[in-house]
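Listed here are the chains, written in short residue letters.
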Amino acid sequence: MPAPLDPATDPHGAMEARFHAALWSPETPLGLAAANDNDRRFLVYRNNVQHGMCSAFAQRFPAVERLVGSDFFTAMARVFAAQHPPKTPVLIDWGGDFPSFLEGFPPVAKLPYLADVARLELARGRAYHAADTPVADPAALMAGDPSGLRLILAPSVIAYSSRFPAVTIWANNQPGATAAPLPKGPQYALIGRTPAFDVPVMPLGADQYAILTKLMIGTPLGEAAANTDPTPTLALLLQHGLITAIDGETQ
Amino acid sequence: MTLPNTPGLGFKPEHFDQIQQRSGAVGFYEVHAENFMGAGGAPHMMLERLHDTHAISIHGVGLSIGGAGPLDTEHLRRLRVLIDRYQPESFSEHLAWSSHGAAWLNDLLPMPYTEQTLATICDHIDQTQEALGRRMLLENPATYVTFEDSSLAETEFLTQIARRTGCGLLLDVNNVFVSATNHRTDPRAYLADFPLDLVGEIHLAGHESEDLPDGPLLIDSHSRPVADPVWTLYAEVLARTGPLPSLIEWDNDIPSFDVLMEEAARADAILKEARNARAA
Chain H
1 MPAPLDPATD
11 PHGAMEARFH
21 AALWSPETPL
31 GLAAANDNDR
41 RFLVYRNNVQ
51 HGMCSAFAQR
61 FPAVERLVGS
71 DFFTAMARVF
81 AAQHPPKTPV
91 LIDWGGDFPS
101 FLEGFPPVAK
111 LPYLADVARL
121 ELARGRAYHA
131 ADTPVADPAA
141 LMAGDPSGLR
151 LILAPSVIAY
161 SSRFPAVTIW
171 ANNQPGATAA
181 PLPKGPQYAL
191 IGRTPAFDVP
201 VMPLGADQYA
211 ILTKLMIGTP
221 LGEAAANTDP
231 TPTLALLLQH
241 GLITAIDGET
251 Q
Chain A
1001 MTLPNTPGLG
1011 FKPEHFDQIQ
1021 QRSGAVGFYE
1031 VHAENFMGAG
1041 GAPHMMLERL
1051 HDTHAISIHG
1061 VGLSIGGAGP
1071 LDTEHLRRLR
1081 VLIDRYQPES
1091 FSEHLAWSSH
1101 GAAWLNDLLP
1111 MPYTEQTLAT
1121 ICDHIDQTQE
1131 ALGRRMLLEN
1141 PATYVTFEDS
1151 SLAETEFLTQ
1161 IARRTGCGLL
1171 LDVNNVFVSA
1181 TNHRTDPRAY
1191 LADFPLDLVG
1201 EIHLAGHESE
1211 DLPDGPLLID
1221 SHSRPVADPV
1231 WTLYAEVLAR
1241 TGPLPSLIEW
1251 DNDIPSFDVL
1261 MEEAARADAI
1271 LKEARNARAA
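First to last, the protein sequences are chains H and A. The first sequence: position 180 = 180 (the numbering used here), numbered continuously. The second sequence: position 140 = 1140 (the numbering used here), numbered continuously.
Source of the hints: derived by calculation from the structure; they are not laboratory data. Just so you know, not all the hints are guaranteed correct.
Computed spacing ranges between beta-carbons, pair by pair [claimed, not checked]: (1) A:Ala1039 / H:Ile217: 18 to 26 Å; (2) H:Met142 / A:Val1259: 45 to 53 Å; (3) A:Ile1254 / H:Val135: 29 to 37 Å; (4) A:Asp1214 / H:Arg163: 53 to 61 Å; (5) A:Ala1119 / H:Asp132: 41 to 49 Å.
Model, not experiment: these values are computed from the prediction. Ideal Cβ positions, reconstructed from N, Cα and C, are used throughout, including at glycine.
Produce the entire structure from the sequences given, and follow the hints as far as they go.
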């Protein structure tokens, strides 16, 4: 917290500090000048700040909102916003610590998968805004033995994993979705932005997820796929334009 | 490189396809700077396409020019990157604060109008214009409270800022009407004192109303058509200034593109009257 401001030497800073504190408390700040109804007038600001943050948050985490219900989500978002306010005006950068907040928020302790659904929604947001890159010509992959090639993947590519069936839970909570049965155990997915700016969530098996994580750090194809056929992962990457460049030569 | 003296619309991504099909339906589009600060993806694709065929106004909502503390230089850098990339016809910001310490508050908050706040805000605008390498427009706020500490009228405050920093002004006619109604003052007296020769753009928007015991409290909601008394004030302003770039803002409960175009057509009719009166 900044040091308390002296109203005598910095009345502007002191007023701003009082005003700011009152946005998150029931007290109207001192120093307002209307003859009447300063409480109601100030409430417009308090509502704007709290409502604005909560609705921005609901846009980022629509599946989480659906899982807990709109009223509960708003109340929870208000707690989060008061404890973890955005640090910059770029709201797409806000909410990275929402999953860990959910893990420690007692009222949702019975929904242990909720944090992973939030992580998935954060990942989709990051992919949506990731930098633009070219799409590689896949010809190099088709000619000869590609095992020495390294793939440069698009910056939107995210290897997602959850101890819970969070991918299915997320999919079941999309608008108009029919509920699929929940598998047991962990789930994995490839998330990335297509050239048409869609951000699909593509389920992967554990072995394909392992290949993806290796490709992402520049492991040569042959080494990344030493034990498993990489075709399913490569097919998804190619189909959605997620390979930016292919380094090296086929042998 | 300035905005045309025509109607403009706040850009809504859900209208992107119609905007493409009806290219030139309005003379310019305005975007909120902070919505285009991701690295890439659809927002930048849309803004590039929009700017291929239209003048663009970049309107910041995050700089907190009216804050007591120093400006966020990292945010100034982001704005510079955006402005360098798109070379918009106009950049504007608000007479308001929106962050305190490290916390961003996502609203445009008011400050007292004193010699101290005037000096701070002029420093902030000097710093902004220097960092961005261009002249900016500063928008008058819609307010719900006033401060015991205030010693200057808002119009005097804005006039002094523009005089000291060389910035232009963005006149939001709805904000004038909302604030005057809320503070039981006369919007025409406000406009009579406003330095209209410094206005580079006009904003028009809808507001909501509720009742306090001593009169209405208007809320600048950007969720409705522009109200009739605001259209009247707008026509009175243009009768004095001639045509100016005139933006319809509608940010909540967003209607169809056709409804926005009806609002733009109403502005266009008043702009034509002002143009004809000049020519006469």
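Consistency of the hints with the structure:
Distance hint check: the CB atoms of A:Ala1039 and H:Ile217 are about 20 Å apart, consistent with the given range 18 to 26 Å. The hint said 45 to 53 Å for the Cβ distance between H:Met142 and A:Val1259, and at roughly 51 Å that hint holds. For A:Ile1254 and H:Val135, the hinted distance range of 29 to 37 Å is satisfied, since their beta carbons lie about 33 Å from each other. The hinted range of 53 to 61 Å is satisfied by A:Asp1214 and H:Arg163, whose Cβ atoms lie roughly 59 Å apart.
Distance hint check: the CB atoms of A:Ala1119 and H:Asp132 are about 43 Å apart, consistent with the given range 41 to 49 Å.
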